[in-house]
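Visitor: For the record, the sequence lines run as chains G and E.
Counting from 1, position 32 in the first sequence corresponds to residue 32 in our numbering; the numbering is continuous, with no gaps.
Counting from 1, position 136 in the second sequence corresponds to residue 136 in our numbering; the numbering is continuous, with no gaps.
For the record, the hints were derived by calculation from the structure and aren't laboratory data.
Where is the CB? At the ideal position from N, CA and C, for every residue including glycine.
Treat the hints with caution; some may be incorrect.
Listed next, with one range per pair, are the computed distances between beta-carbon atoms [to be verified]:
(1) G:P238 to E:P127: 44 to 54 Å
(2) E:S84 to G:E280: 36 to 46 Å
(3) G:E89 to E:G50: 53 to 63 Å
(4) G:H67 to E:A124: 39 to 49 Å
Counterexamples of contact, computed for chain E against chain G with all Cβ distances above 12 Å [unchecked claim]:
(5) T26
(6) L29
(7) A41
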Amino acid sequence: MALQSLDIWRRSATTTPSPSQREPIEVAKLIDVTKCIGCKACQSACQEWNDVREEVGVNIGSYQNPHDLTANSWTLMRFAEIEENGHLEWLIRKDGCMHCADPGCLKACPSPGAIIQYKNGIVDFAEENCIGCGYCIKGCPFNIPRLSKEDSKVYKCTLCSDRVAVGLEPACIKACPTQALVFGSKEDMKDHAAERIAELKERGFENAGLYDPQGVGGTHVMYVLHHADKPELYNELPRDPHINPMVAVWKGITKPLALMAMAGAVLGGFFHYIGIGPNEVEEDEEEEKA
Amino acid sequence: MSTHSDKYIQRYNAQERLNHWVTAITFILLILSGFALFHPALFWLTNLFGGGPWTRILHPYIGVVMFVSFSGLALRFWHHNILSKNDVQWLKQIPDVIQNHEDKLPEVDRYNAGQKLLFWTMIATIPTLFVTGIIIWQPWFTPFFPRNLDRFAVLMHALCAFVMSTGIIVHVYAAIWVKGTLRAMIRGTVERAWVKKHHPGWYKRIVEGNDH
Ligand code: HEM
Ligand code: SF4
Ligand code: SF4
């Protein structure tokens, strides 16, 4: 969902600079997992603001509902029951797009302008340009984009780019009753996280820390985790996410090289014809046979 | 099957030509629609198919038609494409081939070593394009495959498409370069002198009456 915008960092499948005259500050959402009570107010607020509704599902013995992200559920509370240090822990993580600084989805997308990264860090899908190929799904290291069965376009969290563009905070932030969700400049969010982590360490969570994975250049959605040394405890949050090497090779230097090789083959043929010439049956060879 | 005249030798019958051109036309449509998504510089090719979503929708269906049609060609022609000792020597003398010094080359039968290698390249890449194409076919099939297989499939699809398209560029150029060849696939016949010059081994067998 794109507004006329002068602060675009880059667009998918575009080889020239994007309109980027404005200099907004880099923003971030901080999700403090240690404060979350799993009430799902954010999940509801997301559906309400974005006018999407999830189908009524079935209970499979967990509070997690729906069971996975969908084209209508752009954020989801994931619940995990684990044993750590000899006692049961109930870990709740709000899952959704991480708004990577180096987004694999954008790298993979073949359609110009279907994925947009704003200078404030938000990665947004412009569904009207989406062709439904699903390449972004292959590109994403966090398994986020979902292809809609209704319109064959992909959907995911927009970080409420429409609200942020007019100076509001995302809908989920507004709804959170415990301030487990906060939003602001990325710098401020890091400072705030550092205070929280110091508190948690005092309370005995010595491995508390910030999740801002550098393998994807850092993210504009960050977590405060009590077990930052074991992110996979939180429903398989990747330890060190990177754009998959197969995607990097597929979308890297190989494609321009392949195009040049093919152009070279065509030119080679042309100059062979000009330089050496066609291979023809000579007149006398033709007569000889008679 | 063969209906040779004084002037012309029959090289392909009507069925074979039809099969070839169904394959060739669908192949070109696949190159145009596939390479539209290959690199931003070629995205404009989607205009030929009615825009991005239509290109995405049509490409795999055309692919299925091409695969079925190519399978027919492969079944018809594979036995003409077994490599021989002469072929190895022919390949060592590629500079002579390029410089039209055909008299210095070992005797060529129905197909030369270059044509045979292209055939086997197709045999390797087209089924791979088909299988990987199914895996990356949204929205029907991709959801059934693990994510890393999907990533591998799209990489292999792009690689095979590159190899195959480069091969086809050579194939098409060879038909322009060696005069009198195109008529083999259009009319089905070639001149006797053309056969003597480019496929003397095959010519001998024709004279002996065992040309297939
Ligand atoms: C044999 C059956 C084939 C099937 C089922 C198939 C299917 C697909 C599918 C599903 C895609 C994903 C994008 C889209 O939906 O358009 C794709 C992409 C592509 N196809 Fe095919 N295809 C086939 C054959 C071919 C052939 C023969 C070529 C050309 C030589 C080709 C070239 C491409 C290219 C270049 C891409 C873009 C890949 C990229 O962006 O990396 N395909 N194909
Ligand atoms: S599905 Fe849409 S957004 Fe995703 S890569 Fe394809 S065109 Fe881009
Ligand atoms: S989490 Fe996935 S969808 Fe979100 S910006 Fe990163 S790569 Fe794109």
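Visitor: Honestly, do H67 (chain G) and A124 (chain E) meet the 39 to 49 Å range at C-beta?
Guide: With Cβ atoms ~42 Å apart, the hint holds.
Visitor: Do S84 (chain E) and E280 (chain G) keep their Cβ atoms within the hinted range of 36 to 46 Å?
Guide: With a Cβ separation near 26 Å, S84 (chain E) and E280 (chain G) fall outside 36 to 46 Å, so the hint is violated.
Visitor: Would you say L29 (chain E) is clear of chain G, with no C-beta pair closer than or equal to 12 Å?
Guide: The assertion about L29 (chain E) holds, with a minimum of 17 Å to chain G.
Visitor: Beyond 12 Å from every Cβ of chain G: is that where the Cβ of T26 (chain E) lies?
Guide: holds (19 Å)
Visitor: Does A41 (chain E) sit more than 12 Å from chain G, CB to CB?
Guide: Violated, because the least Cβ-Cβ distance between A41 (chain E) and chain G comes to about 7 Å, which does not exceed 12 Å.
Visitor: Using the C-beta atoms of P238 (chain G) and P127 (chain E), is the stated range 44 to 54 Å upheld?
Guide: The hinted range 44 to 54 Å is violated for P238 (chain G) and P127 (chain E), with Cβ atoms some 35 Å apart.
Visitor: For the pair E89 (chain G) and G50 (chain E), does the Cβ-Cβ distance stay inside 53 to 63 Å?
Guide: Given range 53 to 63 Å: holds, Cβ gap about 54 Å.
Hints 1, 2 and 7 from the earlier list are contradicted by this structure; the remaining hints agree with it.
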